[in-house]
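Q: Kindly produce the complete structure, drawing on both the sequences and the hints.
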Amino acid sequence: METLNKKNESGELNIETATKNFKLYIRKIWNASITKYFLAALIILISGLFLYLIHLHIGYQSVSLVFLFIISLLPLLNFKPGPIFLAAVMSALVWNFFFIPPYYTFRIGKVEDTMMFLMYFVIATVSGLLISRIHTQRSLINQRERRTSALYNLTRDLSSSKSLDEVTACALEHLKSTFHAEVVFIYADNDKSLKHMAHPSSTISIDDAERNIAQIALLSSEKVGKFTHNVSSISPFTYFPLYTKSRKYGVAGLLFPEGYTMDSEVESLLDTFIVLITAAVEREYLTELAKNNLMIAESEKLYKTLFDSISHELKTPITTIIGAISSLKDERINGNRNIILQLIDEAGIASERLKRLVENLLDITRLERGNLKLKKEWHSISDLLNSSISRVETENRKSKINCDVNDDLGMLYFDYPLLEQAIINILHNSIEYTSPECQIDVAAKRKSDSIIITISDNGNGFPEHEIKNLFTKFYRIPGTKAGGTGLGLSIAKGFIEAHGGSIKAQNRPGGGAEFIILLPINL
Amino acid sequence: MTAQNKIVVIDDESQIRKILSITLGAEGFKVIEASKGKEGIVSVANNHPQIVILDLGLPDEDGLTVLKEIRTWSNVPIIILSVRNSEDDIVKALDLGADDYVTKPFNTAELIARIRANIRRTQQPDNQSVIVNGDLKIDISKRLVYKNNEELKVTSTEYMLFYLFFRNIDKVLTHNFLLKEIWGPVHTEDSQYLRVFIGQIRKKIEDDPAHPQYIITDSGVGYRMKLLSN
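Protein sequence lines correspond, in order, to chains A and B. Read in my numbering, the first sequence has 4 at position 4, and its numbers run on one by one without any break. Read in my numbering, the second sequence has 206 at position 206, and its numbers run on one by one without any break.
You may find that some hints are simply not true.
FRET-style restraints, in silico, Cβ to Cβ [stated by the list, open to error]:
#1 B:14 to A:336: 21 to 27 angstroms
#2 A:393 to B:14: 14 to 20 angstroms
#3 A:275 to B:192: 50 to 56 angstroms
#4 B:192 to A:247: 38 to 44 angstroms
#5 B:143 to A:337: 54 to 60 angstroms
#6 B:192 to A:371: 51 to 57 angstroms
#7 B:39 to A:393: 27 to 33 angstroms
Since the hints were derived computationally from the structure, they do not count as laboratory data. No experiment lies behind these values; they were computed from the predicted model shown. Built from N, CA and C at the ideal position, the CB exists for glycine as well.
A: Set out below in structure tokens:
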């Protein structure tokens with residue numbers, strides 16, 4: 001018994017749902033505004049009146065054809081099945097009452113008239129309903145096609161966007177044009193909080209209260225606002241969270257125009273839009289992340305190279321000095337005057353090297369800060385070159401520098417210590433990277449309104465493809481011998497350019513390297 | 001000058017080579033300089049030096065590569081000289097077969113002491129059955145350790161540690177090396193074992209375990225048994 005009851009219950013339940021569905025269907029079909037029913041009735045009455053006037057000429061049978069014609073036109077004028085059915089029934093009755101003899105009764109005299117009446121009724125109803133259905137489906141297809149092409153366009157434009165800003169602008173444009181809504185995008189700083197400012201491309205701005213509602217959408221990962229189940233009455237906006245399993249990216253807020261109706265088709269299209277946009281945003285976010293990681297790795301590598309190079313440069317002379325001094329304590333060594341002198345010499349050279357390194361680091365810092373103040377005075381060019389050469393020669397007695405400078409080059413207005421340092425750095429470079437027997441030449445001449453200083457050697461010259469890097473800070477040609485930070489030439493360039501001059505490096509046609517410095521006379 | 005006291009110095013910095021030449025020369029060594037890795041390898045092969053001083057940062061090849069190359073055919077003591085005082089590089093070099101290390105800037109007296117200690121070790125016969133260091137003595141044939149001629153009670157692991165230290169007096173033994181020798185290759189990460197056992201043997205042999213005289217810690221690298229006069 002119990003099982004039977006249950007069966008009955010479930011059966012009733014099924015019947016209940018079926019009835020419900022049917023009722024829904026019926027409601028959908030007949031769901032048309034009252035005006036349409038009136039209009040349909042009015043059309044039948046007016047055409048009935050008109051036909052009554054002329055029916056004596058055309059005969060009462062043709063009247064049914066005209067009615068049929070009118071009913072088949074109704075779907076094209078956007079009449080729903082309900083009014084069409086009403087029109088069919090009314091026209092049949094009108095035809096019967098006014099036109100089929102005997103007149104002014106619903107009674108039909110002849111058998112063929114009865115047949116015609118019944119056939120008319122069926123044809124009018126069926127054709128009206130069929131045409132209306134075709135019409136509805138066509139408009140449905142049109143609608144779908146519009147949606148498909150909207151999605152297609154969105155996908156195409158999103159995939160061709162190259163940055164987060166472009167993706168945002170593209171998303172905004174498509175949302176606005178497809179849904180006729182004003183759109184605001186607010187990205188998130190992290191999973192919990194939105195940025196304070198909406199994205200600048202947004203078509204509308206929102207206040208703090210609205211931003212807080214958007215924040216709810218971000219936190220709950222659910223749609224919030226109008227047309228949703230969450231706080232729908234508070235906000236005129238609908239907020240869509242942009243999130244994936246891995247991260248929350250932000251919120252898109254849409255303000256639909258007054259009286260906008262949201263049906264399930266629009267809603268699902270909108271959801272698809274949001275999914276596509278989120279995917280594009282995520283793509284840009286990940287690209288950005290990968291780029292940043294690469295940059296950090298690069299800068300760490302640069303930092304390590306720099307640190308290694310400078311610590312090597314600092315420790316080598318210090319090692320020499322400590323080594324020399326600690327050796328002097330050794331009894332076997334401090335008895336030998338010759339060795340003592342050698343050690344002192346080495347310590348001296350190392351100290352010079354250390355001094356030069358520290359000066360270079362200070363110089364590059366001055367250049368970097370950009371607050372290099374020139375203390376210009378009048379000095380002679382030949383003085384500058386000769387004193388630079390003699391300073392280099394005291395530090396490196398092994399090398400010979402040949403100087404061919406005319407005394408009548410005259411005076412120039414410049415910062416003496418800075419240009420001297422520049423020349424010394426270049427000379428050091430030439431000495432360091434040539435063998436001791438190489439010849440270094442310094443020459444200067446006047447050409448129109450500038451002085452040209454040439455420092456050349458007959459060594460191996462530079463590898464052609466490295467010339468462009470020679471003056472780059474901290475750059476050293478790979479495979480060159482130990483010692484040096486890659487600062488000297490970039491400092492020289494900085495000091496010369498501070499005087500409005502220029503420097504370039506090239507290989508001499510006959511072999512060897514050549515630096516050409518150009519200083520304008522009216523410095 | 002005999003072949004007995006040749007030293008090959010492989011360093012790319014001419015200044016360092018020069019200062020080593022002068023000081024080691026005054027100590028009676030003949031210094032052969034090499035500025036590049038390849039040159040250094042050739043020089044070691046040709047000169048059969050008593051000791052090699054090798055810089056880790058070389059322009060053409062990494063010092064570690066040079067070290068590996070020399071170790072394939074020679075047991076000459078190699079002292080690593082490097083500006084990198086990062087422990088990782090030193091440990092790597094020691095595990096690859098370097099005998100000792102000195103970080104720049106160094107004191108010449110210290111370097112010379114290391115050179116002498118390493119030469120002395122290579123000259124000691126391998127098959128000594130009794131080794132004495134300060135108040136300590138190990139009898140390898142009997143597997144016994146003595147302090148002031150009194151037998152110490154040691155476990156087999158502690159004995160292994162003593163054995164390794166006595167066999168390598170004045171040489172730094174890396175954590176890796178000790179762990180591998182005693183517990184086998186799977187335990188090379190468990191340096192806390194080692195710390196426990198070192199603590200135990202220090203308690204047995206040191207007069208003041210907090211200020212050890214025999215087993216010295218080279219921080220981040222390993223342990224070294226210091227040579228004390230008898």
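Q: Against this structure, judge whether each hint is valid.
A: Outcome of the hint check:
About 22 angstroms separates the C-beta atoms of residue 14 (chain B) and residue 336 (chain A), a value consistent with the hinted range of 21 to 27 angstroms. In this structure the supplied range 14 to 20 angstroms holds for residue 393 (chain A) paired with residue 14 (chain B), their Cβ-Cβ distance being about 19 angstroms. The given range of 50 to 56 angstroms is respected by residue 275 (chain A) and residue 192 (chain B), whose C-beta atoms sit roughly 53 angstroms from each other. Restraint check, residue 192 (chain B) to residue 247 (chain A): a C-beta distance of roughly 40 angstroms satisfies the suggested window 38 to 44 angstroms.
With their beta carbons about 56 angstroms apart, residue 143 (chain B) and residue 337 (chain A) fall inside the hinted range of 54 to 60 angstroms. The hinted range of 51 to 57 angstroms is satisfied by residue 192 (chain B) and residue 371 (chain A), whose Cβ atoms lie roughly 54 angstroms apart. For residue 39 (chain B) paired with residue 393 (chain A), a C-beta distance near 30 angstroms keeps the hint of 27 to 33 angstroms intact.
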